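Just need the whole structure built from these sequences, with the hints factored in.
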Amino acid sequence: MAAPVETEAPASIIEQLRRTRGWRMALLLLSPYLVIQIIHQAAPGLFPDWLSKLGDFRFLPDWANEALLYLKDEELLGLFNLKDVTRTVSGWLEWPLELSEQLLISGGDSFGWGPVPWIVIIGLLAGIGALLGGWRLAALAGVCSLYLAMFNTFGWGAVPWVVLVGLFAVAGAKLGGWRLALLAGGCSLYLAVFGVWKDSMITLSIVFVVAPLAALIGWASGLAAVKAKWFEALLVPMLNVMQSMPHFSYLLPISVFIGIGDEAGAIATILFAVPPMARLTILGLRSVSPEVREAGLMSGCTRWQMLWRVEMPAARPQLLVGINQVLMQCFGMTVLASFVGTRGLGLPLLNYLQSLRIGKALEVGVAIVLMAIMLDRLGQALGARRPEHIDMTKSWVARHPFWIAGSAVVAAGIVVARLTEYAALLPRGGIVSTDRLWELRLPGTDIVVLDGRKGATVSTEPFWEWMVDWVQLNLKSPLGHFRDFMILEILFPMRDAFQALPWIGLLVLVAAVGWRFGGWRLAAIVAAFVAYLAFSGFWIESMETLYLVVAALIVSVVIGVPIGIFASTSDRRYASVQVILDTFQVLPSFIYLIPVVMLFRVGPVAALTAIVIYATVPAVRYTMLGLRNVPADMIEAAEMSGCTRAQVLRKVKFPMAFPEIMLGMNQVLLFGLLLVIISAFIGGIDGLGDDILLARTEQALVGEGIVAGFNVAVIGLTADQLITNYARERKAQLGID
Amino acid sequence: MISCRDVWKLYGPDPQRFLDHHDGAPSVDTVKEAGYIPAVVSASLDVMPGEILVLMGLSGSGKSTLVRCLSRLIEPTSGSVHFAGIDLLATSGKELIDIRRHRMGMVLQHFALFPHRTVAENIVFPLEVQGVDGATRRERAEEILALVGLEGRGGYYPRELSGGQQQRVGIGRSLAVEPDVWFLDEPFSALDPLIRREMQDEFLRLQSVLHKTIVFITHDFSEAIRLADRIAILYEGEIVQLGRAEDLVTQPATDYVRNFARDVQRDRILTARSVMGDVSDAPEDAETVDAGAVLREIAPAVLASPHPLAVAEDGVAVGSLDRNAVIDAVWGTGDPEGADSDAG
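For the record, the sequence lines run as chains S and W.
No gaps in the numbering here: position 434 of the first sequence is 1594 in the working numbering, and each next residue is one more.
No gaps in the numbering here: position 249 of the second sequence is 258 in the working numbering, and each next residue is one more.
Just so you know, the hints here were simulated from the structure itself, not pulled from any lab data.
Derived, one-sided and incomplete: chain W residues facing chain S with beta-carbon distance under 8 Å:
(1) SER80
(2) LEU82
(3) MET115
(4) LEU117
(5) HIS119
(6) ALA121
(7) PRO124
(8) HIS125
(9) THR127
(10) PHE134
(11) VAL138
(12) GLN139
(13) TYR166
(14) ARG168
(15) GLU169
Just so we're clear, the structure is a prediction, and the values are computed from it rather than from any experiment.
Backbone N, C-alpha and C fix where the C-beta goes; we use that ideal spot for every residue, glycine too.
Right under this line is the structure:
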């Protein structure tokens, strides 16, 4: 009887310790770390080196390099070469990518129906369209396939740009009224007029192929996860890791196994865009109310009917949100895939940034921004649509205005394109303005009209160049001083402090915090994460990355939280800030580098600025969300107790919103980690991003690049585990869900 | 029509083994101590053809679980359920689907309409999954729309309708296949009181036309009394009393039942039969009232009469009724057992 008592007694003391609060708790959590630091500083002799740094421990990266080379060159189990398999898969993508591009930009060239699986996939997509959208969507899919077949067989030209611009406008009108029509029409018109039509259509042609495939795969895996427990147990952790891996971790291995080009980018994009769709499919199917399911059962549905006629349609809103996310992820990743030679809008941007032609880069950047906004708003409007009854007393024409407008646009566009070459070809001159014949400077503006042999194009480059020049002329010296101050006085000391940290110190600190918020289990998980970082061979680099992200986190919080507080105080401000945040959020992360390069060229301050711009968005959003979700009666109670506005904020709203704000911090960290890797591209900072980028040029180092990418994910997951556990506990205490 | 015997539904790690271990009849306390949640405890009842049986209880009393056991939306842990002579728990998936497609209808509390389908498409959904052709479905949809008072709304979507209208659609859908048995799970609880009243009237009107066998769930005792032929009161998964409203009021089995019965309008429920006195008390020439009449109807005559009236069952005098008996029954305690327990 004595033994259990002995084992239980210490446990209860530990449990009591776990319930202490305030500074005592902080001291308790810090003390193991402090002990280690004191020994480390005061008695370095007592402290073995390997507990502090494992810099020479190169097992993992070396092993990864070799494993990758093995997979690439040798036959797996003596049966087949993995590279051949991946090349075959990319071969399947070649045909639809080509078809899609010909359709949008380069014109038909008869080449048969392509590999058989594609007919199956197109059929599947049309079928799903029919299920989700009824006979109309099925009919649209049918007409499109028919057009594809004809286009293919007779070698028709690409769809004239006037038709595409018109169709975007009609789609906007149908989905969101005249405002969206104006937005979609205007954005696509900008692409057409300002010489980026060809590149943007190449990007779009890739998105048109990869987005449906990613959505299909994500949907299927989400469905499988809902229907089979074991698959969910497998899938969800995988999604967690996949969603915290930086973009490059998708691009690199694929460039090894597939090579450089559109297909590599397409495959990386598909992989990258699958997780959000899978998650939203799971969420959508789970949130179908049990009563609706019961209604289906009592109506006598078979399992198949349940899925297709009850669950899928009921989950449609979430599925559409998922499709919108897939669309945006695909667009962003396709742009970024220019790093592995994928064509489209990303490639010229990359080239211009590398050659520091900021004006040109800005022009392409604006095109990317406009296209992202257009796609996102169209996708969102599609998701927000709710069915409405049709007034059958109206005439057929009045009931189908958009179908008629769409057909009219197509017909008129084709006729106009026949009559004047410009309607079909105008933007084709596009980027290729080297063979221009004359320039025309529009009076009073910096806009130049160029006319090439094949068509005319308008460029805004001079305007942007003028702006860049102005910045250089007027801001160079203050910006330079600021940069130098930041680097020398703040960033480098901070970096040195992070790198001087012995890994065992960080491990005990993180484990202690984990123990506080999630018990021994969480402590073990996060300790394992830190141990992995220490033994990965990239400890120094990980700390270098972490310091920059933490610095960015601090700045983002200092900027973002006050904005969030300010924006949450009135409905109008809230709504308008929401729109700005939504817009920022859909831009491909790559875009954030352009203004930063313009201001700071290279180095950690440039990277920091880019991360801060990118990561402040979630800081503002979550602060706003947390404050807005404080129950109104609680605020009324505080006001009736005589609180001033500042007191209401400090004593009621802020404590209530704090868990949500912490979740925002988590997002800031995750966003920051993704962007810090991309910022490695502009150079001047070391860290994991550098190792990942190095692997781009050196195939023998790709294994290393993957390990480094995995480190990024592990850092993100550590923070994620700690913060979500904290927020869950705290929210439960406060009684908010 | 439906008959269930000794139905148990426990939630917990291994309810089947737990029940077997206790020979299928553990006490509720044993169940709770073992960490199981008793949702339905040894429920037995018969639903007669054409009757409205109301399952009444507070939330968490197991009434919803019990009705789902009767329709096998939930698999009971043990016990038997017979539906029109068929052992429902032994049916295969296909047979069960077939029964649901032709013989059962169910109305749910929050309507559970399919948001992506129009009103008409919702109503004929059960026909659609059976594979009934489009023309027949359209015809049937029109009939049902007329039946539930939604003519001209067939093309609307559920979210374009008010709550009461939405539940009319739910009722319509459950009637589309002309089921033998009609389950209604708190169909009017989510509605405003005035609408609820209106829908209760509508429900009684439909039943007077359709004569279905009905299992109706509610947590509202006055609704139960208004609609029920018989009422089963559930408490913590157990059926504590099953009987006519009058039985519950005059002979409540437990304090729990008595609490519900306390605030009802007794004059609308009690019949002459349940409060009458000895047949010899009435004079030979006394007026006669029907034994089945509720007090509200006969009170004026009884109160106006200086001497007791005779109570007759099928023309034969079986008792007498005087002013004091009526006054006592309606306004007094009228319930000696209740007075006892209050005093105790």
